[in-house]
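A.B. asks: Okay, here's what each chain looks like letter by letter:
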Amino acid sequence: MLSRVAENLYWMSRYVERAENVARLLDVGFDLELDDATLDTDREPAPVEGVLNILGCRQAFQKRYGTGTADRDAVLRFLTFDRSNSLSVLAMVAAARENARGTQESVSSEVWSQINRLYLYLNGGKAQRRFEESPSRFYDGLKRACVLFAGLIDGTLPHNEVYHFLQVGRYLERAGQIARILTDRAHQLTPLALPGDRPLQLVHGTSLLRICSAHDAYLRTYQDQIDSEGIVQYLVLNADFPRSVRFAVERCALSLREISGADTDEYVSESERLLGRLSGELRYLEAGEIFARGLSTFLAELLETCDRVGREVHQAYFFT
Amino acid sequence: MFGSAAASAEQVLIANYQIHGFDEMFAAPGLARPHYERLLGQLNDLGPAELARRNRVADLSMRHQGITFTVYGRDQGDERIIPFDPIPRLVPPDEWDQIERGLQQRVRALNLFIHDVYHSRLVLKDGIVPPELVLGASGYRREFVGVRVPRDIYMHISGIDLIRDVDGRYLVLEDNCRTPSGVSYVLKNRQVMKQVFPVLFEDHDVRPVDDYAANLRAVLRHVAPAGVEDPTVVVLTPGVHNSAYFEHSFLARQMGVELVEGRDLFLDNGAIYMRTTRGAQRVDVVYRRIDDDFLDPLTFRRDTQLGVAGLVGAYRAGRLGLVNAIGTGVADDKGIYPFVPAIIKYYLDEDPILPNVETFRAPVDSHRQHILANLDKLVVKAVDASGGYGMLIGPASTAAERDEFRRKIEANPRGYIAQPTIALSQHPTFFDGRLEGRHVDLRPFVLYGEEIKVLAGGLTRVALPRGCLVVNSSQGGGTKDTWVLRELPPRAAPSNDGAA
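These protein sequences, in sequence, are chains A and B. Everything in the first sequence is counted per the working numbering, starting at 1 for the first residue and increasing by one. Everything in the second sequence is counted per the working numbering, starting at 1 for the first residue and increasing by one.
The reader is advised that the hints may include incorrect statements.
[Stated by the list, open to error] Across the chosen pairs, the derived CB separations fall in these ranges:
(1) D45/B to G124/A: 32 to 40 Å
(2) V147/A to D45/B: 26 to 34 Å
(3) D71/A to Q305/B: 43 to 51 Å
Calculated from the structure, these hints are not laboratory results. Don't be surprised by glycine CBs; every beta carbon is placed ideally from N, CA and C.
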């Protein structure tokens, strides 16, 4: 496959994953604000505003809207429709589409049409009307559109090199996003200090699980035991849940191996080695050990590994 | 009940329909030509509201699939869909037979002409075409004099624009021998028509167009360097910002080959390779959608970023097939156009099956005087412009525009030709629940490989503004599906509706 095409595919899928992530964050944030009585807004920014921190774009927002209290609607629009903000859903969908446009002939027409439709929709008046009517339903529609994109990739492309470059982009991005969200919440993810903290931790924990679409699945595994250890166990170390770090890392490693054609017990590229080591570690770690090491430190190392893998993939396949 | 409803629908659809010049569907007001009778009946059965609804579905389908082109000259390239008109154009078998034979003849002769120009130049020595016109044409490439091209084929892909005069005669308006575009719309229009108006295909024996990609692939493989058994073919595009990018991508996908940009290719040891995730891969044939000038900075324009350094050298050395060949612009120069009938006669000793439009040449004194005296009646064209740019349409022009062209023609007679303003044929086109006549032309596509094949169909372009004579998509033209009929549709039974 052409190196340029491989790079386009990789980024296309990263951008869609990112856009979906923003939509999830805003959806849950907005929902939380509807019953903000339970929140401790003195210590924490309001949930929607907090998304600016997770995405690291508070400064960009303040540059545009001033440093006063962030208005919820302004934040939502900044992160959804603002083209000047490269992290907005619209900007990322546009970037994904631009990459897809340059590789139309490699993906199926269904996949191209899906991203094209999403882009046209977000640019049109219909999206604005939906958003004004009900942000929840609007973001839900966005998430569905992104999931459909991934589904069409799974269902309409042969699982060859094209597919695997899309997978590498998607899962590498996902692993990083989960790590970033957990980093932002690391100070909340502590063992219970006082019994009185329980209700608040339940709210935080629930929102965190919902951001990762993990709430229902988590409850099936742990019943009503929403606590820090369980959450880290589930979102970092779980083998079967598609939005756990381990799952994403393993999928990414698998696709890299398919691309290089290496055997399961070998590796050809540095990116495979890094991911293989990480996935081995995630496989045998326990949540308690992570807390013992320090959750923030652990997540920082995890993010560093993801970044290195990204650089190595570029070196190995895109700069030939 | 049904009868009266259908009758009133019929009146709505063609109420106030005006015939100016030759109408493709109607021989006289309310009287459809035999091959259109069935279609008109079907359209009436659907009714205006249903037609409008389906028309919107068709538009949406094109937009979702990203069947767009880019309009230049606006801020950051505006992506638009070409307006699509749902009323198909029908070409009966006898007319198509004439078109097909005429195009094969013309393409064969033009190809011989190009070969001659770059080799023995008999056509110039025998005084058929003035040498200064050929050697001074902007599409002439002196770098290619004496270069043998694979199988002596130069114009593998051409699009020849046809129009019809007031008597319905097909005339050649223009040859496009470099990188004609539009074929993707032919294929997509058909696909959308089948999805949205399946009912219209009943009772019509329409020849398929979907063999184009396979035929194109065969043409490309045909020019692979000698000894390469399974050649690697690529489509070379200037990139996503080119107005025809959709087409480049579409053709690559249909043929199952890579779509490459100049930066994906490089020269190594005399051959061309592409950069892939598994290292360099040899390329044998390039279907380039980049003009000669931008193809190779070592041979042509040095400021190009679109091309590949060394590509022309590899081609010259026979290490690479290139489609179309370099230098085919001599054949579609508007200055050469008036000589094509003589060129056909010269090489094939046949009379042209499809005549030219009468053309006056500004370098000839008597012609020039005629042109200057009749600027308000003629269409004046710059010989090295295309796409509807650089034209003066006399009857629609202002005095200032005519003065400007008068000065230009006097300063550079070689740069201009003029033709009588032909009232192009018109075709019923759907507007606001009614049919209105709009001018159309037809661009069939011709492939020259082992044999010369004409795609059974073509791009019918419609000038959407009322009375407008320019059909180019860059000038606001639309398209419609073109049905070449294998057989005439069954005649409608005599209607009793009127009596009911």
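A.B. asks: Work down the list of hints and note, for each, if the structure agrees.
C.D. replies: Hints, one by one, checked against the model:
Range check, D45/B to G124/A: Cβ separation about 34 Å, and the 32 to 40 Å hint holds. V147/A and D45/B have their C-beta atoms about 42 Å apart, which leaves the hinted 26 to 34 Å range violated. In this structure the hint that D71/A and Q305/B lie 43 to 51 Å apart at CB holds, the actual value being about 45 Å.
Figure legend: structure checked against the earlier numbered hints; the only hint not met is number 2.
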